[in-house]
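*Asks:* From first to last, the protein sequence lines stand for chains A and B.
Everything in the first sequence is counted per numbering that gives the first Met the number 0, starting at 0 for the first residue and increasing by one.
Everything in the second sequence is counted per numbering that gives the first Met the number 0, starting at 0 for the first residue and increasing by one.
Just to be clear, a hint being listed does not mean it is correct.
Since copy identity is lost for identical chains, a pair holds within one copy or between any two.
[To be verified] Below are the SDA-like pairs computed for lysine to any residue, each with C-alpha atoms no more than 25 angstroms apart in a straight line:
hint : residue 1 : residue 2
1    : K314      : G167
2    : K112      : P93
3    : K112      : E89
4    : K325      : L394
Don't read these hints as lab results, they were simulated from the structure.
Since this is a predicted model, take the numbers as computed values, not measurements.
In case you want the letters, here they are:
Number of protein chains: 2
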Amino acid sequence: MALIVQKFGGTSVADIDRIRHASGHTAREIAAGNKVIVVVSAMAGVTNQLVEYCNQLSPLATVESRAHYDHVVASGEQVTSGLMALALAERGLPSRAWCGWQIPMTTDSAHSKARIEHIDVRAINESLSRGEVAVVAGFQGITAEGKISTLGRGGSDTTAVALAAAFGAERCDIYTDVDGVYTCDPRIVKKARKLDKVSYEEMLEMASLGSKVLQTRSVELAMNYHVRVQVLSSFDDKPGTFLVDEEELVEQQRVTGIAYSREEARITLVNVENRPGVSAGIFGPLADAGINVDMIVQNVTESGTQTDVTFTVAKTELARALQIVKSGEGMPRFENVHTDSGVAKISVIGVGMRSHAGIAAEMFRTLAEKNINIIVISTSEIKISVLIDEAYIELALRALHTAYGLDAVEEKMV
Amino acid sequence: MALIVQKFGGTSVADIDRIRHASGHTAREIAAGNKVIVVVSAMAGVTNQLVEYCNQLSPLATVESRAHYDHVVASGEQVTSGLMALALAERGLPSRAWCGWQIPMTTDSAHSKARIEHIDVRAINESLSRGEVAVVAGFQGITAEGKISTLGRGGSDTTAVALAAAFGAERCDIYTDVDGVYTCDPRIVKKARKLDKVSYEEMLEMASLGSKVLQTRSVELAMNYHVRVQVLSSFDDKPGTFLVDEEELVEQQRVTGIAYSREEARITLVNVENRPGVSAGIFGPLADAGINVDMIVQNVTESGTQTDVTFTVAKTELARALQIVKSGEGMPRFENVHTDSGVAKISVIGVGMRSHAGIAAEMFRTLAEKNINIIVISTSEIKISVLIDEAYIELALRALHTAYGLDAVEEKMV
Chain A
0 MALIVQKFGG TSVADIDRIR HASGHTAREI AAGNKVIVVV SAMAGVTNQL
50 VEYCNQLSPL ATVESRAHYD HVVASGEQVT SGLMALALAE RGLPSRAWCG
100 WQIPMTTDSA HSKARIEHID VRAINESLSR GEVAVVAGFQ GITAEGKIST
150 LGRGGSDTTA VALAAAFGAE RCDIYTDVDG VYTCDPRIVK KARKLDKVSY
200 EEMLEMASLG SKVLQTRSVE LAMNYHVRVQ VLSSFDDKPG TFLVDEEELV
250 EQQRVTGIAY SREEARITLV NVENRPGVSA GIFGPLADAG INVDMIVQNV
300 TESGTQTDVT FTVAKTELAR ALQIVKSGEG MPRFENVHTD SGVAKISVIG
350 VGMRSHAGIA AEMFRTLAEK NINIIVISTS EIKISVLIDE AYIELALRAL
400 HTAYGLDAVE EKMV
Chain B
0 MALIVQKFGG TSVADIDRIR HASGHTAREI AAGNKVIVVV SAMAGVTNQL
50 VEYCNQLSPL ATVESRAHYD HVVASGEQVT SGLMALALAE RGLPSRAWCG
100 WQIPMTTDSA HSKARIEHID VRAINESLSR GEVAVVAGFQ GITAEGKIST
150 LGRGGSDTTA VALAAAFGAE RCDIYTDVDG VYTCDPRIVK KARKLDKVSY
200 EEMLEMASLG SKVLQTRSVE LAMNYHVRVQ VLSSFDDKPG TFLVDEEELV
250 EQQRVTGIAY SREEARITLV NVENRPGVSA GIFGPLADAG INVDMIVQNV
300 TESGTQTDVT FTVAKTELAR ALQIVKSGEG MPRFENVHTD SGVAKISVIG
350 VGMRSHAGIA AEMFRTLAEK NINIIVISTS EIKISVLIDE AYIELALRAL
400 HTAYGLDAVE EKMV
């Protein structure tokens, strides 16, 4: 008898029929003799509605207002947990619904993006030992001050992985509306293949680069606690993709997958005075304003007295970033500023890069053959990212997918 | 500096604009130097939606399932409490949102119709003394087992009155979509007048007889703890109706108001065997099935060996009641059963009845003059109720309103 954590995302519990359907996955594990902790998201659309209400009332600029926001938005998962408990009860499976505060799952006081500090396993363990299914409202916890906190959008993934770690679950099944992790977005690259396994590190890069299957923090947590996570679809019964330690990947591909993001915009400062402290002068004020800067390149001009600095920010923050850059406070002098929202970031990812040379060169050659210009390059141990003109995104993804030998050998028979 | 409890019903917080508007009533009390505890209902329609979800999943026949139901439906008030706290914060009024479990307000374990057992005043008092407005989610509490409980539909009134009692509030203002308690339904009787004051006992009779301004239990609670309740509209700034002790009513009318209900149906058992235990035989099984019986009359026939028994039940429970009566288990023998859903109950109410004779006679005479047949009569110390054909309801209400001198002297100038 093992303990399984099952997490159902918003589309898997979008209405009463789907909640009933999802409860069937739990019934199957119980019938197999396992104990189950179910974690649920809010019904699809509910959190957006609640966030919208809050935004209509307040800019949510203070910790106090974000505490009120948490009090509001945590209710979505509470509703689903009660409904899932009802669905299980109707299948004859005794169950108990748990809000974060009932466990209790304590977090820090960083409202709207709190971090889990401690999970008390006693009450749920007692419930499980009475033969009940524990149905936990994801995304939420309670602070030391007794206020409701939430873990940030997608936080139910983190709830599920954290519970799997705390209870030593054999497996953490993340039920979603895709049936696993693919070598590339199958909507763009028809020959994309579903991966049976992907390493935590690779998943982390994919998640942070825009493959929105799992919340980044949940992957970090799974990696740190070696939680065996499976991403699978709630709408069929096929196995999904397992997140595993790197050593479990028997045959390492050079490249495991290719991710992309359309969500960044480029800012270039032209002819910046070149003196020590220039970077700090530019990026300090942006960081102070809470604007995340992703890719950064700096080229010295021929004279050596001036430099061009290019970086990317989220498109949604472009206007604010530009305002800060132009305001000049603490900024180095520069002649001009260009921006471009029509860019896309493409990243090839693979732990195999550690032992294979030439991956980057192959990327640049492949893009050059298609006449795709590279605007910015950024690399890490297991990924290479380039910024290109958004118009070439499909062409680039397909060419790279083929170049790295990721294409499915034959079309699946349906 | 006084403590005021303000309660806003579902229509007063139906959308973000109304929540913002309602928060103005709180700001006014704060500006006047008072401390405020705000109690909120769910946004209009939300509870119905949540109840509907639960009904789709389960008949809610077990205590366990009703605990899940409570876990779901309590979320509606939680949302409004957070939103109201945000609205107050935007007015520069520091506030804290409180769910039932955060206070904590403990209840018994009768899920979906729990009763408040204890209110811990310490945490809210600390918050109030820090200058915060306490915004309490109505309708809910927490059981000794740590589960969320709810107080039954309309339970936010009870939350408000219970808090006013526990904190010794100077006043409990119940903001709703009507501007007070009237001598009769002004939609039917144009000359109905708003009452400045009404006694708890009278309000109790009106509430239980279908004047749905306040939850009955909240009035009982107000009466027991002498809470000064004001019913008023959140959409204008006029004073409403005060619930007061009987002694405060300086000039006692013979009749204070006339209430009605279209929600009952009549069942008559014809020629029931007349022996001891007949009533228990009929009403025991109905009570066991949780069916509330309201008016009861029993007439012995001429022979004395048989009797006709007439009683009323809620229209929604007529089919179930009839099934139990006909099933015969434990029932006395009877020849026939008639039912009638086309009936209405009219009640004249007034503490003045205690000292004035002839109120009932006047009622019967007034109805007789209009050729309205009385089917059943039932009386208590401060009310007389009659069951009549539903078709005559408007005629009867207007005639009685005039007969008891309740008509407004002149039309208000607008």
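*Asks:* Against each hint, give a clear statement of whether it holds in the structure.
*Replies:* Cross-check of the supplied hints:
Taking the closest pair of Cα atoms, K314 and G167 never come within 25 angstroms of each other, the shortest separation being 40 angstroms inside a single copy and 54 angstroms across copies. In this homomeric assembly, K112 and P93 come within 25 angstroms of each other (Cα to Cα) only across copies, at 22 angstroms, whereas the closest approach inside a single copy is 33 angstroms. Taking CA atoms no more than 25 angstroms apart as the test, K112 paired with E89 passes between copies only; the shortest distance there is 21 angstroms, against 35 angstroms inside one copy. Taking the closest pair of Cα atoms, K325 and L394 never come within 25 angstroms of each other, the shortest separation being 35 angstroms inside a single copy and 76 angstroms across copies.
The earlier numbered hints that this structure contradicts are 1, 4.
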